[in-house]
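S.K.: If you're matching them up, the sequences are chains A and B in order.
Each residue of the first sequence is one higher than the last, beginning at 436 in the working numbering.
Each residue of the second sequence is one higher than the last, beginning at 436 in the working numbering.
Hints listed in this document are in silico derivations from the structure and should not be mistaken for laboratory results.
Treat each hint with caution, since some may be false.
One copy or two, either will do: identical chains are not told apart, so a pair holds if it fits within one copy or between any two.
As the list claims (entries may be wrong) - Below 30 Å or equal to it, Euclidean Cα-Cα: the simulated DSSO-like pairs (lysine-lysine) are:
#: 1; residue 1: Lys568; residue 2: Lys517
#: 2; residue 1: Lys444; residue 2: Lys757
#: 3; residue 1: Lys494; residue 2: Lys547
#: 4; residue 1: Lys510; residue 2: Lys757
#: 5; residue 1: Lys572; residue 2: Lys510
#: 6; residue 1: Lys757; residue 2: Lys517
Protein chains: 2
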Amino acid sequence: MHALQHVLKAVSVNNPIPILTGVHIEATAEGLILTGSHTSMSIEARIRQDGTELTVLGKGSIVVPARYFYEIVRKLDDGIVKIDGTQSVVTAISTESSSIRLCGIEASAYPKATRSSDDSVTHRLLIDSSLLKSAIKQAATSVSTSESRPVLTGVCIAYQGGSELHLSATDGIRLATCTIPAVNRGRITEPAEFIVNGRSMLDMAGMLSEYGDSIELEASSSQVKFSTTDLHVRLAPIEGTFPSAQSIIPRNYYAEITLETARLLHALERATVLAGDRIVRLTTCIGRLGIVSRTAAIGDSKEDLGIEAFEGDDFSLSLNGKMLTDIVRCLECRYVKLRYTGDRSPIVLQPAEGDRESSALFLLTPVRTAVQVS
Amino acid sequence: MHALQHVLKAVSVNNPIPILTGVHIEATAEGLILTGSHTSMSIEARIRQDGTELTVLGKGSIVVPARYFYEIVRKLDDGIVKIDGTQSVVTAISTESSSIRLCGIEASAYPKATRSSDDSVTHRLLIDSSLLKSAIKQAATSVSTSESRPVLTGVCIAYQGGSELHLSATDGIRLATCTIPAVNRGRITEPAEFIVNGRSMLDMAGMLSEYGDSIELEASSSQVKFSTTDLHVRLAPIEGTFPSAQSIIPRNYYAEITLETARLLHALERATVLAGDRIVRLTTCIGRLGIVSRTAAIGDSKEDLGIEAFEGDDFSLSLNGKMLTDIVRCLECRYVKLRYTGDRSPIVLQPAEGDRESSALFLLTPVRTAVQVS
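Sequences and hints are given; from them, build the entire structure.
M.R.: As structure tokens, this is what we get:
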């Protein structure tokens, strides 16, 4: 059930290639390998043969219709189930009282996951699973949902030599960037960038915590692979050049305020209920931050927050409330720093604690409409 | 939050009458009364003034936009909130740090719930809440989803004098009927039938358990009202004549089998995954029940269940698997009796235990297509 749920993240019942609407099941001496794939992603989950929870009686492969197989497995009573793929293309699933036959598809037609030869792999890095998970969630806030520039639907994973990895994403209005430690295990230390689909990365992040503490990233020109002992996720990189985050981040600022993250989040969640065109207006005054929003003919709201630390001049600017809320929601720190860099220049958000393990930074471009709330 | 969630069951944001997209809030000396209404249903929930959780500072009424009000209340921090409706049509919601104004609507335009004068009430009955709740859930399995015969979208509540109430519903293919005890508190003991919307009854059933042990049904020609101390649900009866359940129930049968409800449910849930056109075929043989289903080009399934008690001849018939599963799922008994009354006559399902408090009975008409599973 568990392994199946994970590999199904890569299976679409609407895939125009019939065999890819199925799950590939392979029984080997080591155990069972379940694989789900679509054009740019493949997920492989392993269940080890241990003689009690899994016993392999015969080796072989079969592809079964994913949705039906999942629905049946989900509804089976607890206990031992026997899966029999010996009758060439029919898979029988049987327990004491149920006997189910599914038309399988010849496994030989299933696209083989490219097992990159060691020679083609350029980079091999070891990353902490939970740090990678939170970095992916942070980057995902700023991935573009429009397909007009494919490169912006991706998360850019940049290695600049050394022991750090930078994840970034941007849709032109907001940008997220995050640095996490990584141990180079490959022979090559040259800088490299890999752009992989943001949605797929987020799907993977959801599984990471269940498969051990560290994950290995293995990259070649044709594939980015994330592996733990029992989970292998292969992603096709997106071709193109990613906008340089460093050149966009404003260096100077007029004001910097520190706020309690949870309070800011709750205030923004309330403010966005009445944010017409999603716009909220932030205004600092006498050491406090006001957040106002308005929907014509319905009402308005005003939130008043204490500022923990203030530096610079008072400011006032309008932002997309939903985007700001998404960013604040993914922060895992108690305090957040917000920098005002001008009316037409993006605000900068950063966790305020000295976070040694991970450093996240977010940009959000203001909206040039003023909300008037009396 | 709690009271609001309940009254919102009667509020549709798409209601063409603008004032009905709102929630009516009335502050009285006794406490707060929240009301939500649509054309055929009104729900009134009360919060009592107790000086700690609720204090009424001034009496009055206002109508607020339901969706916005709900979203804001849901996102408020815990603690005391002050709701101020004194500025004629503006409602202010404020806590220490938030101040929210919603454009209210003059409450005088809100349709008053018809408070039936005592004279017009023909029947007044006291019913156990949890028995009513399970009877509604059982009847709801057989309510028609098609609007072509409005009377079949309802549940028929029949009182025949005495101390029993009969609930029934049918869509022409299946029928559910259930008898529960009721104490007559009115002056009239004449038989009567009230048909009320099945969907609204089911919504009410979801709230019942939170409002005390017993519920009062008060019926007049224009309204059926269910009341507890803090919840009042008013329903407009559906006009028409309900098909008589008693005349449809087959009196003779060729076979009767008793099955374990949970096992039958799980077997049916698996069988329906592969039930093409939703058809499952039931066959008895040597004291066991087989359930087979098939989807062309995908696969087939065969379930094999032990029969606890058998009487009569072996039989075989095809049924709508989803409908049968819905019926079996709402049974709260350990064993179920299934009677075969002929190939073109409905099967009869009944809880097998001697249930003194409630007696449910279900009919399901067979499908005249045979499923061939080799």
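S.K.: For a quick check of understanding: which of the numbered hints are violated here, in increasing order?
M.R.: Those not satisfied come down to hint 1.
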